[in-house]
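J.: This is what each chain is made of:
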Amino acid sequence: MIIEIRTKEKYSGSEEAGFIDRMAHAGLKAKAARLSRLYRVEGDFSREELERLGAGLLADPITEHYSLSQWRPGLKGWRVEIWLKDSVTDVVGESVKGAISDVLGRPPEAVRFGHAYYVACASETRLRHAVARTLVNETVNKFKIEKL
Amino acid sequence: MNDELSKFNSLPPKELEALDRAAGWSLSALELAEVQRQFSGMGRQPGRGELETIAQTWSEHCKHKTFSGPVVFRDGKRVRKYKNLFKETIVKATRTLNRKWCLSVFTDNAGIVEFAKSGKWGLAFKAETHNHPCAVEPYGGAETGVGGVIRDILGVGLGAKPVLNTDTFCFGRLDRKYRLPKNALPPERVMRGVVEGVRDYGNRIGIPTAAGGLYFDDGYLLNPLVYVGCAGLIPVDKIEKKVVPGDLIVSIGGRTGRDGIHGATFSSANIDEETSASAVQIGHAVNEKKALDVLMRARDLGLYNAVTDCGAGGFSSAIGELGAETGARVRLEKALLKDTRIEPWEIWVSESQERMILSVPKGKLKKLAAILDSENCEYCVMGEFPGDGRLLVTHGEERVVDLPMAFLHGGVPNFEKPAVKRAVKFNSKAPAAPKAWGRALKALLAHPNICSRHSVITQYDHEVQGGTVGKPLQGKYGDGPGDAAVIWPQAATLDLKDLSGFAVAHGFAPAVGRLDPYQMALHSIDEAVRNLLCSGADISRTAILDNFCAASPRDPRVMGDLVLAAEGCRDAAIAYGAPFISGKDSFYNQSKDADGREYPIPISLLISATAPVEDVRRAVTINFKQAGNPVYLAGASLRGMGGSVYNEISDTGNNAVPALDMKAAVKLYAALAKAMKAGCVAAAHDVSQGGLGVTLAEMAFSGGLGAELDLAPAPRGKGLTSTELLFGESPARLVLEVVKGREREFQGYLKGLPAAEIGRVSGEPRLRVAGLFDEDIAGLKACWRKELI
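From first to last, the protein sequence lines are chains A and B. Residue 104 in numbering that gives the first Met the number 0 sits at position 105 of the first sequence, with consecutive numbering throughout. Residue 715 in numbering that gives the first Met the number 0 sits at position 716 of the second sequence, with consecutive numbering throughout.
Rather than coming from a laboratory, the hints here were simulated on the basis of the structure. You may find that some hints are simply not true.
Cut-off 20 Å, straight-line C-alpha distance, at most; resulting in silico cross-link-like pairs (SDA-like, lysine to any residue) [what the hints assert, rightly or not]: (1) B:K289 with A:A23; (2) A:K28 with B:I788; (3) B:K717 with B:A663; (4) B:K176 with A:H128; (5) A:K96 with B:G758; (6) B:K176 with A:F112; (7) B:K176 with A:T133; (8) B:K176 with A:A23; (9) B:K289 with A:A31; (10) B:K337 with A:L37; (11) A:K28 with B:P185; (12) B:K337 with A:A23; (13) B:K337 with A:V91; (14) A:K75 with A:A121; (15) B:K363 with B:P244; (16) B:K717 with B:K785; (17) A:K96 with B:R254; (18) B:K337 with A:A31; (19) A:K28 with B:A626; (20) A:K28 with B:P244; (21) B:K288 with A:A98; (22) B:K181 with A:N140; (23) B:K181 with A:T138; (24) B:K288 with A:G97; (25) A:K146 with A:A31; (26) A:K96 with B:L335; (27) B:K337 with A:D85; (28) B:K289 with A:D101; (29) B:K785 with A:F112; (30) B:K288 with A:T133; (31) B:K181 with A:G26.
Given only the sequences and the hints, what does the whole structure look like? Please build it.
T.: Next comes the structure, spelled out in structure tokens:
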């Protein structure tokens, strides 16, 4: 199960502007963007328990929303999902694994940490180029791009 | 590979070379032949684990073969021979100076000098590089670089408590478009990853990152340089360590995995398209913090006799080092593993992070285990130090390594390296004046090697531990460029009444090195000492670190640069009375692209310097403080624009490097130090990149005050032009704001020395230099304060 955390719209302006600027440096003109963090939690947990993790552990309830299903930000464009390769030690994932164990009283099998970027732009090819140039290092990362 | 290993001793050179390449050992033909000779003498073939151990122990990273080997240097017809370049230059300076406040030099993981007057504390300081890993994976490479140098401080003596991290990076220019080779990451991507890696590790472990720098040059496009440093405090009675035969080998901290295999041998090779991703290590700051907390508690209870960190070469280097005299008996099946799909030899050489090795008396293991459990820090007992001088490593019934320590640590062959002085044509014609002085100053302030580093600095927690007195960003608005970090390490001493601190600063001048490596070393040491002086430190007790980075030393011109820079280090250290206490070198910073073209870095020497600050409340900052205060320029401005930033934005054709007069500089600084100690100086800032114009602008806009200046009285060399005076980068110069009413006293300290009043601080926010320019300080600041990332 993936728990997705995103900044509430009224607070997300600067992170989105920073991302659009980064993309512009890499040659991509993005009209709009939304960002989120992803936690893939593997283990036998009920929906209620996962809700508890999203609301109480992973999201800041003042500035962030969480969701257990993939977010639909209402942008026309692409969704970029980036993870560390499975063979690469995921330090954030390990820490969250420990925290989940503390919160729920039993550890998950694994936790992996990733990012999702929702990008409104004209060209998937250019987006792929910009992502490879700025957001990922294919030595350690894997990524996929889906049309929204 | 097993076939080749079974007949290793009889393999011909070509097959040996192919085997070396396939295994990733980076051993030379001479070294491979020596290994064959040794094992033939033993009457058996080596095992994979033994060859891996030899490759790690004899690697450039662990043995520093280039710097500590014999060199023949040719400068035209003149020839100079060195048996051991490092000992005859860097170590010689320290031995010549023989400072009694140096408590441990060149023998441990870091250098240690006396700290404060109580006699209870030593200050450990170390800097190293993590260049090759950062070229492949910037974030992970930078994180583990920081983690590694922190572990050096944890592993010096019986363990020091880290109180400061430093970082200095070199990248390709961000503002240029390159056609990069396939295997290269763009410089912006490298920089972002490196900065984030340093930020995440330093911030999570709770050590302030408060000193360093950034430098951009096309020479670093494929080989970024990532210098990371750490300083820590250690009780003087915890500096000695000694493994006692019978002690247990205890590994604490992280688990062992396949990450980072061949990191040490990787640093003995040029990066190319075939570079293995397994050389990348991944850092885990929280695990290292647990190990840190355990060590500090166990050290104070005397629960171990020796400690060192698992760095390059992993267990093989750490246990090999600790057991160099006693030998070691290691059972690899006891190691805690991340992954069970790992070969015994991989466990032995893996560079998984956050591991420390302790030498623990059997009777103290129980108490140590209780502390480890209470800090939630994993550990395992891997064997013992037997006292027989033999390294025996097994995994169950399998014998992985069985070698005499004397062969491992003394058997590496070395060979004479040729070195030549590069021919450089110098031109000292008078540089033309810019069309508009103000516009030229603004262009300099916006240059990537001068502009504000706030977008990087503000990502680091430089306040954690509550002792950062001299901050990286200073001035009225907290955004001016500090010359040195001043640290009050009360978090380590736990003594709020003791106001002793220390300053840390750097000197770095690769642009000068392209023209004159000897002067580069002099300028770098001078700049570092001057930065310390500007912060109010006692520079008579300056201690310095050398970190050399160069391209392939197989090129005699690269070796020539190294020889000249090392000679410069020796001469300047002796002249300034500043001993080297530790250092590191990194070679083979040279990459090939897909077409086989070589991209070497310029010779790069980072000097990191530290000196005590008697009372941190009296530390000095760079910003103008008070309208009406007189402004002085100390130090003579000399002819020559070589290595200057101005030459980059407007090539004057003059590439002469101003030669540093060390004797004059030392005399001047001693007098200035007295004046500063007496409280005559309200602000001080060194003249470095961008020259005097940039220094004045930074002091003005950092203080929110202007200045009315006339440079006519400025001390100068014969024939100096206004361009050289304002934008040249001749060394040994400082600008000082003197407290109004104390001018006479100040002048008394500087009698007979090259210093002159050049004007006054002004309440009007304009920087006016008579006959040259008149600029609004807000406009100057706007040019300087741009976002790098």
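J.: It remains to establish, for every hint, whether it holds in the given structure.
T.: Outcome of the hint check:
1. Of the supplied pair hints, the one linking K289 (chain B) and A23 (chain A) is violated, its CA atoms being roughly 41 Å apart against a limit of 20 Å.
2. Taking the CA atoms of K28 (chain A) and I788 (chain B), the gap is about 18 Å. The hint holds against a cut of 20 Å.
3. For the given pair, K717 (chain B) sits about 16 Å from A663 (chain B) by alpha-carbon distance, which is consistent with the 20 Å threshold.
4. For the given pair, K176 (chain B) sits about 15 Å from H128 (chain A) by alpha-carbon distance, which is consistent with the 20 Å threshold.
5. Under the criterion of a C-alpha separation no larger than 20 Å, the hint pairing K96 (chain A) with G758 (chain B) is inconsistent with the structure, at around 63 Å.
6. Between K176 (chain B) and F112 (chain A) the alpha-carbon distance is near 33 Å, which puts this suggested pair outside the 20 Å criterion.
7. Only pairs whose Cα atoms come within 20 Å are accepted, and K176 (chain B) paired with T133 (chain A) is accepted, the gap being roughly 15 Å.
8. For the suggested pair K176 (chain B) and A23 (chain A), the alpha carbons sit about 14 Å apart, so the restraint of at most 20 Å is met.
9. For the proposed pair K289 (chain B) and A31 (chain A), the alpha carbon gap of about 42 Å is over 20 Å, so the pair is violated.
10. A hinted pair counts as satisfied when its Cα atoms are at most 20 Å apart, and K337 (chain B) with L37 (chain A) does not qualify at roughly 24 Å.
11. About 19 Å separates the Cα atoms of K28 (chain A) and P185 (chain B), which keeps this hinted pair within 20 Å; it holds.
12. For the given pair, K337 (chain B) sits about 40 Å from A23 (chain A) by alpha-carbon distance, which is inconsistent with the 20 Å threshold.
13. Between K337 (chain B) and V91 (chain A) the CA atoms are separated by roughly 16 Å; this keeps the pair inside 20 Å, and the hint holds.
14. Between K75 (chain A) and A121 (chain A), the direct Cα distance comes to roughly 9 Å. Compliance with the 20 Å bound is thereby established for this hinted pair.
15. The suggested pairing of K363 (chain B) with P244 (chain B) holds, with an alpha-carbon distance near 15 Å, which does not exceed 20 Å.
16. Between K717 (chain B) and K785 (chain B), the direct Cα distance comes to roughly 37 Å. Violation of the 20 Å bound is thereby established for this hinted pair.
17. For the hint pairing K96 (chain A) with R254 (chain B), the CA-to-CA distance comes to about 16 Å; that is within 20 Å, so the pair holds.
18. Annotation: proposed proximity of K337 (chain B) to A31 (chain A) is violated, straight-line Cα distance about 41 Å (limit 20 Å).
19. Between K28 (chain A) and A626 (chain B) the CA atoms are separated by roughly 48 Å; this puts the pair beyond 20 Å, and the hint is violated.
20. With a CA separation close to 66 Å, the supplied pair K28 (chain A) and P244 (chain B) exceeds the 20 Å bound.
21. The hinted pair formed by K288 (chain B) and A98 (chain A) meets the criterion: a straight-line CA distance of about 17 Å does not exceed 20 Å.
22. Restraint check for K181 (chain B) and N140 (chain A): satisfied, since their Cα atoms lie roughly 17 Å apart, inside the 20 Å limit.
23. With a CA separation close to 13 Å, the supplied pair K181 (chain B) and T138 (chain A) stays within the 20 Å bound.
24. Using a Cα cut-off of 20 Å, the hinted pair K288 (chain B) and G97 (chain A) holds, with the two alpha carbons roughly 16 Å apart.
25. Between K146 (chain A) and A31 (chain A), the direct Cα distance comes to roughly 15 Å. Compliance with the 20 Å bound is thereby established for this hinted pair.
26. In summary, the hint linking K96 (chain A) to L335 (chain B) is supported, as the alpha carbons are separated by about 19 Å, within the 20 Å threshold.
27. For the given pair, K337 (chain B) sits about 13 Å from D85 (chain A) by alpha-carbon distance, which is consistent with the 20 Å threshold.
28. A distance of roughly 18 Å separates the Cα atoms of K289 (chain B) and D101 (chain A); the hinted pair therefore holds under the 20 Å criterion.
29. Note on K785 (chain B) and F112 (chain A): the hinted pairing is violated, with a Cα-Cα distance of about 32 Å set against a maximum of 20 Å.
30. Under the criterion of a C-alpha separation no larger than 20 Å, the hint pairing K288 (chain B) with T133 (chain A) is inconsistent with the structure, at around 30 Å.
31. The hinted pair formed by K181 (chain B) and G26 (chain A) meets the criterion: a straight-line CA distance of about 18 Å does not exceed 20 Å.
Hint compliance for this structure: hints 1, 5, 6, 9, 10, 12, 16, 18, 19, 20, 29 and 30 are not met, and every other hint is.
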